[in-house]
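Order-wise, the sequence lines are chains U, D and Z. Numbering-wise (this note's numbering), the first sequence opens with residue 1 and increments by one. Numbering-wise (this note's numbering), the second sequence opens with residue 342 and increments by one. Numbering-wise (this note's numbering), the third sequence opens with residue 725 and increments by one.
Be aware that a few hints might be false.
As the list claims (entries may be wrong) - Heads up, simulated DSBU-like pairs for lysine-lysine below, C-alpha to C-alpha not over 30 Å straight-line:
(1) U:101 / Z:804
(2) D:607 / D:703
(3) D:648 / Z:793
Since the hints were derived computationally from the structure, they do not count as laboratory data.
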Amino acid sequence: MIGIVSYGFYIPKYRIKTESIAEVWGKNPEDVKKSLLIEEKAVAGIDEDSLTMAFESASSALSTVDVDRSKIKIVLFGSETHPYAVNPASTILAEFLGIEKNYLAYDTEFACKAATGALISAQGLIKSGYSDYALVTASDKGMGKTHDVLEYTAASASVSLLLGKDDLILEILDFESFSSDTPDFWRREGMRYPSHGGRFTGKPSYFYHIEESAKSLFKKTGLAPKDFSYGVFHMPNGKFPVQVAKSLGFSFAQIKDSLTVDYLGNSYTASALIGLMAVLEKAKPGDLIFLCSYGSGAGSDSFVLRVTKNLSGKNRKEFIKIIKDKKYISYPTYLKFMEMI
Amino acid sequence: MTHIIGYYTTQFGELWEKSLFDLVEEAINGVLKQTSLSNKQIDAVFFGNMLAGVLENNLHSPSKIAEILKINIPIFRAEAACASGGAAFNLAKNYLDANSNKNVLVIGAEKMTDYSPEEAITALSAAASGEEQEAGLTFPGLYAMIANFYLEKYQYTEKNLAYVSVKNHYHGSLNEKAHFRKKISVEDVLKSPYVAYPLKVLDSSPISDGAAAVILTNNYDMIKKQKYSATVLASELITDTISLKERKNLDEILATKNAANMAFKKAKINRRDIGIAEVHDCFSIAEILAMEDLGFWKKGEGGKKIKEWGTMYGNGGDLIVNTSGGLKAAGHPVGATGIKQIGEIFLQLTKQAEKRQVKNVKYGLAHNVGGSGGTAVVTILGS
Amino acid sequence: MISPVKIWRRQKEIRKVLGKKGKVLAWTKIYTPGSDFKKYAPYPVVLVELKNKEKIYGQLVDYKNADLKVGSEVISILRKVRSSTNEGVIAYGVKFKPL
């Protein structure tokens with residue numbers, strides 16, 4: 001059985017409230033909040049990027065287990081905001097972590113599902129006997145154009161997962177992936193900010209791919225939403241995950257703990273995984289968790305995860321308390337941190 | 342024994358019309374005229390400069406000076422950050438200790454205002470270690486760390502530091518060659534914007550252009566013929582770690598202490614014999630530390646002593662400090678400062694200091710520091 | 725552009741001091757930085773003594789003004805340390821944040 005041995009996450013300290021952005025553009029903050037269901041989002045500092053945040057989350061993941069780093073022969077870095085267009089952040093991360101040098105590393109891109117896709121590949125590599133462990137990191141300093149809806153949602157965070165075969169805290173029971181060519185949200189080479197197709201990002205994109213991916217996994221495993229203690233979905237805003245969960249047959253109670261987007265924003269590749277972090281703070285041994293990511297372009301990875309008795313003590317990390325350590329910033333400071341001015 | 346027989350300094354300030362070697366040429370011609378020497382009578386030249394390589398891609402300065410002097414003799418360049426001038430003088434004195442009957446020209450010069458303040462600040466941080474530069478510690482930042490540490494340890498405030506700048510600006514108003522001639526008050530200093538906490542603009546020496554030159558000789562016939570002369574009783578140069586963090590104590594410059602002890606021993610005089618001193622006040626805190634490390638004040642009492650105004654011209658004190666205006670008011674063209682300091686002592690000892698002439702001085706001391714204390718040169722002159 | 729070789733050599737040293745706790749020995753706040761640090765100004769710089777007695781300089785980030793004092797407890801973290809050109813290799817290095 002392959003699964004997750006330990007995990008770590010990093011949320012930067014700074015937050016900007018929806019109203020701080022709305023009032024600059026003359027919008028009614030209550031209207032914006034009602035439409036997106038986001039109160040505030042996390043913003044990385046001017047000297048942070050996807051790599052520095054990945055180092056924090058990966059260090060956290062490796063700090064609670066006693067793993068011989070020379071046995072980590074797979075390092076995968078999933079992001080939409082890689083530090084370089086050409087130059088692997090995965091090896092920069094590995095070097096800083098002291099993982100050397102007989103390992104396979106590469107950076108992945110598939111919009112917001114870059115990291116969950118890498119989870120599937122890593123799982124296969126461990127199963128084939130190539131490596132005992134794999135480190136998969138999701139990390140983004142999400143960008144959005146000013147005066148665009150993404151400005152309220154694009155956020156920063158990182159999650160790292162150490163996969164292995166023994167002493168698992170989460171078993172990966174099964175998974176599926178559903179892909180198509182659907183240009184709902186994209187960023188051309190050399191452009192700073194992503195572009196999107198407005199309402200096209202909804203029904204034919206987010207909803208279609210998540211529903212199809214979920215349904216094929218339910219069919220494959222014979223499981224239904226009622227069998228799960230928790231559902232965790234990719235969160236581009238506060239409304240979509242609630243709607244898709246309902247349409248699949250999950251109750252609001254099953255997904256409410258995972259809705260981190262409401263107070264942290266959408267951290268792109270880390271988005272669904274941050275939702276998983278919130279759930280793992282409370283999940284009990286034997287709980288089944290349904291995790292479903294979405295990446296524009298488009299595709300969706302879904303997973304059936306089972307919590308083991310090892311999710312306890314120092315292997316279970318505090319989430320709510322950690323994210324309460326925050327500092328609000330103004331709109332100009334936000335623009336400065338994102339290097340937009 | 343080596344004597345100084347002449348001194349010339351250019352104006353210090355923003356000298357837009359003059360390039361580095363224009364300033365060098367002016368200083369050379371000036372000091373040769375002062376001493377009625379011809380270029381052919383110079384046996385060796387020592388040149389102190391820090392930034393020509395970094396800012397202007399100009400090295401091999403000895404050869405440039407040979408072009409100006411139009412003679413073929415040994416010429417050497419010394420670099421020790423802000424102690425480049427003092428280092429050049431020290432080497433010149435050692436040269437004369439080893440070669441008899443020679444006349445040596447020592448010049449210090451710097452051209453800093455052709456570049457933006459950021460470029461100049463970045464260039465000056467070459468005097469700091471690689472790690473200090475990487476942490477974003479500018480030169481003022483290093484002295485600010487020292488100042489902050491000193492103020493906290495000995496329970497003083499920023500106000501104590503301000504007295505240094507006020508005194509030195511008053512002296513600058515008496516020196517026509519100074520960069521700044523305006524007097525300032527303690528309030529002016531406290532109101533000026535921060536450069537690196539707790540040091541403010543008016544705690545910091547400026548970016549200036551300038552050149553200064555002296556002629557040294559150990560030829561007794563030459564000395565007898567000259568109108569003005571002063572004896573070089575000692576010149577000692579000591580180094581310490583470039584990194585502030587590797588020093589033994591953050592509130593003292595060990596290189597200054599050791600150089601001073603050696604210089605006083607060589608000169609065979611005591612601290613209380615010194616009536617006039619030029620100390621390295623690149624920042625206000627530096628003068629306070631200098632007075633303590635040179636042995637004039639006890640460690641930690643500098644913040645209190647400076648408020649007594651005892652070292653200010655006109656108050657009848659036993660030791661007057663920085664009559665040139667110091668680095669703060671006279672300006673700090675880096676390579677020139679060390680020579681200007683020695684020149685100012687020379688002027689005082691030979692009664693040429695006009696409006697700022699201190700009476701009855703027999704011995705003077707010049708103190709030049711490189712970086713945050715990586716090099717210190719202490720020179721003692723007698724009349 | 726900072727030499728990529730220098731950055732590469734430096735990063736091996738940086739690795740050794742990440743994630744270490746220490747105490748502030750001295751500090752200042754820089755208001756007029758050199759060109760590579762302009763966008764971070766004003767920023768505090770601290771001199772920290774780690775538990776193994778090693779001394780390290782670094783900017784202090786994610787701080788409150790009350791943290792700027794001798795004796796503050798801090799931990800070393802990885803951040804971008806200087807901005808070169810848009811073309812150059814990114815310089816990652818050590819900064820500190822209050823514990």
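Status of the hints after comparison with the structure:
1. U:101 / Z:804: holds (24 Å)
2. D:607 / D:703: holds (17 Å)
3. D:648 / Z:793: holds (26 Å)
In summary, this structure violates none of the numbered hints.
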